[in-house]
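S.K.: Take a look at the letters that make up each chain.
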Amino acid sequence: MSTHELTSSSFDELVSSSSVVFGIETSCDETAAAVVMGGRDVLSSVVASQLEIHARFGGVVPEIASRAHLEALTAVIDQALQKSGIGFNRIDAVAATVGPGLVGALLVGVSAAKSLALVLDVPFVGVNHLEAHLYAAMLDDANVEFPLLVLLVSGGHTMFVEVREHGQYQIVGRTRDDAAGEAFDKVARFLGLGYPGGPAIDAQAHLGDAKAINFPRAMINDGLDVSFSGLKTAVINHVRKFPSVATADVAASFQSAVVDVLVAKTLRAAEHLGARTVALGGGVAANSLLRSEISTACARKDFRVVLPSLAMCTDNAAMIASAGWYRLRLSGPTSLDAGAYPNLGLTCAI
Amino acid sequence: MIILAIDTATGAVSVAIANGKKLLASAHVSSDRRHVELLAPMIKNVCKQADISLREIDVVSVDVGPGLFTGMRVGIATAKTISQALDVPIVGISSLDVLARSVSTTERVVLATIDARRGELYWAMYRNDNSTCVEVKPPVVGTVSDCIVDLVDRGQATLIVGNGALRYQTAMAQSLEETGLSIEWASEQLAQPSATVLALVAAERALLEEWQTAGELQALYLRAPDAEINWLTRSEQTRFAT
Ligand SMILES: [Zn+2]
Chain A
95 MSTHELTSSS FDELVSSSSV VFGIETSCDE TAAAVVMGGR DVLSSVVASQ
145 LEIHARFGGV VPEIASRAHL EALTAVIDQA LQKSGIGFNR IDAVAATVGP
195 GLVGALLVGV SAAKSLALVL DVPFVGVNHL EAHLYAAMLD DANVEFPLLV
245 LLVSGGHTMF VEVREHGQYQ IVGRTRDDAA GEAFDKVARF LGLGYPGGPA
295 IDAQAHLGDA KAINFPRAMI NDGLDVSFSG LKTAVINHVR KFPSVATADV
345 AASFQSAVVD VLVAKTLRAA EHLGARTVAL GGGVAANSLL RSEISTACAR
395 KDFRVVLPSL AMCTDNAAMI ASAGWYRLRL SGPTSLDAGA YPNLGLTCAI
Chain B
188 MIILAIDTAT GAVSVAIANG KKLLASAHVS SDRRHVELLA PMIKNVCKQA
238 DISLREIDVV SVDVGPGLFT GMRVGIATAK TISQALDVPI VGISSLDVLA
288 RSVSTTERVV LATIDARRGE LYWAMYRNDN STCVEVKPPV VGTVSDCIVD
338 LVDRGQATLI VGNGALRYQT AMAQSLEETG LSIEWASEQL AQPSATVLAL
388 VAAERALLEE WQTAGELQAL YLRAPDAEIN WLTRSEQTRF AT
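Chains as they are written, first to last, in my numbering: chain A, 95 to 444; chain B, 188 to 429.
Heads up, some of the hints might be wrong.
Using 20 Å as the maximum straight-line C-alpha spacing, the simulated EDC-like pairs for lysine to aspartate or glutamate come out as follows [claimed, not checked]:
id, chain 1, residue 1, chain 2, residue 2
1, B, Lys235, A, Asp215
2, B, Lys231, A, Asp431
3, A, Lys177, B, Asp274
Computed beta-carbon distance windows for the label pairs [said to hold, decoys possible]:
id, chain 1, residue 1, chain 2, residue 2, range
4, A, Gln264, B, Asn417, 39 to 45 Å
5, A, Gly288, B, Glu403, 30 to 36 Å
6, B, Asn417, A, Ala405, 29 to 35 Å
7, B, Gly207, A, Gly132, 42 to 48 Å
Some but not every residue of chain B turned toward chain A, in silico, with C-beta under 10 Å [claimed, not checked]:
id, residue
8, Ser240
9, Ala264
10, Tyr408
Rather than coming from a laboratory, the hints here were simulated on the basis of the structure.
Ideal placement from N, C-alpha and C gives every residue a C-beta, glycine not left out.
Work out the full structure: start from the sequences and follow the hints.
M.R.: Below, the structure written as structure tokens:
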């Protein structure tokens, strides 16, 4: 694998605004398939969530996820095709997430996508899941201008990404320990709010006082990296010290500390890079406080803000098909002997 | 009837194309966890060798396990999607059936075994009846000693095949010698199920229309995920505690 070079669009002839890409996503706990035309026009997007299967374990269990993907696969592909209103013969390329993610889970989608490409005799495109999250933000907004600063926040990732052009990314800041979504999950579990933690804390926070407890905002005035493990420890220590504290107040104060840091760093990164547009991506981008605070902060600075719909924040295959269309135009098809890459970085070529 | 057969249930990737019972082309590679890298290019090459376009395939068949979970799923996801895209039926066959069929000329009872790791085996037993393989003991997972007990209980001359028993051959042969049972071991070359035998079994089943749709086909794991086993044990303990 090598870092992306500045790429001229040498594969322009492979895709057009009417090219249809079939996308498959199985990197974590959603089995998803979608049909997208011209990189933007979502004809269908089907997601089968495994949330309930994993809930009793308090997190995603890889072997259970892999089994569930295999069971859901055929029906999800079938529904995506049905809802798109097109037939298999109209598909011009098949894209699948090849990483990062759970290796056993990735293998199911990669195998399906390769065989679909083989049968239809069309290109296979391996897609980087992180790159796809960047495209998810753009799918809902046709007028995104580069350079763009994207805050990508999920259970597995927290990073600030500068997008200079299609396929040209630079991670300018990231978490040094826990991902933001991971911090939400851990704190929710500690507070007995269940799994997944993001929505649970978001809901509790509405009932509490965000100023009740002054939790630390680590490194808020310092650089573009973030850290959440100290905050998590502070929450645990506070609750142990004051067992009668209202859970809603803890949730609200914790969420406010996370959001303050994310918003401050996003704005700093954008200013630093001269980006006038800010976008969110990833599961935590569905958090209501993050959405409202980033909008307020961007309005104050006169930045444009792109908030993807909730369906585009969480894992889906429309973003895979969209990223696949752009990736095909930039780099051409992926070889059929490609594997699954559980630790694939954003700037690694496939 | 053109049959595509895919076997990725063990450390090998195996692909075959047959017209009825006539093998047209095949390939077999020891993969060691490179199933997903190898399978699609191998299907492409085997089709080319057989001078068959994928669109001409009438039936897809796949080894549904038991075996290596990640390996099995690569083959099953591939077979399901090919079957779905071509709108042709799919025939799922267990890895143990494939092993037994590869030694189907013996008069002995056949013990087919697949390595389940952690000192355990998947196994099933078969007997030949007019050159058809009849299952006499359905597939199970258990320890090597459980398997020996099973053999001794049956008390018949046995042919053992498959990478499961081969892994523990010395220990098994020793324990079995004391019982006086007549034991024969199949060649090491038959240790892993192969797509050429799979294609043959699939041809027989397809003639009887013993097939499924891509959506119906399920993997045969025989072993629950660890997390589920631990969770059940834990909830069992809590139940007893309260
Ligand atoms: Zn994601």
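S.K.: Report the numbers of all earlier hints that the structure fails to satisfy, in ascending order.
M.R.: none
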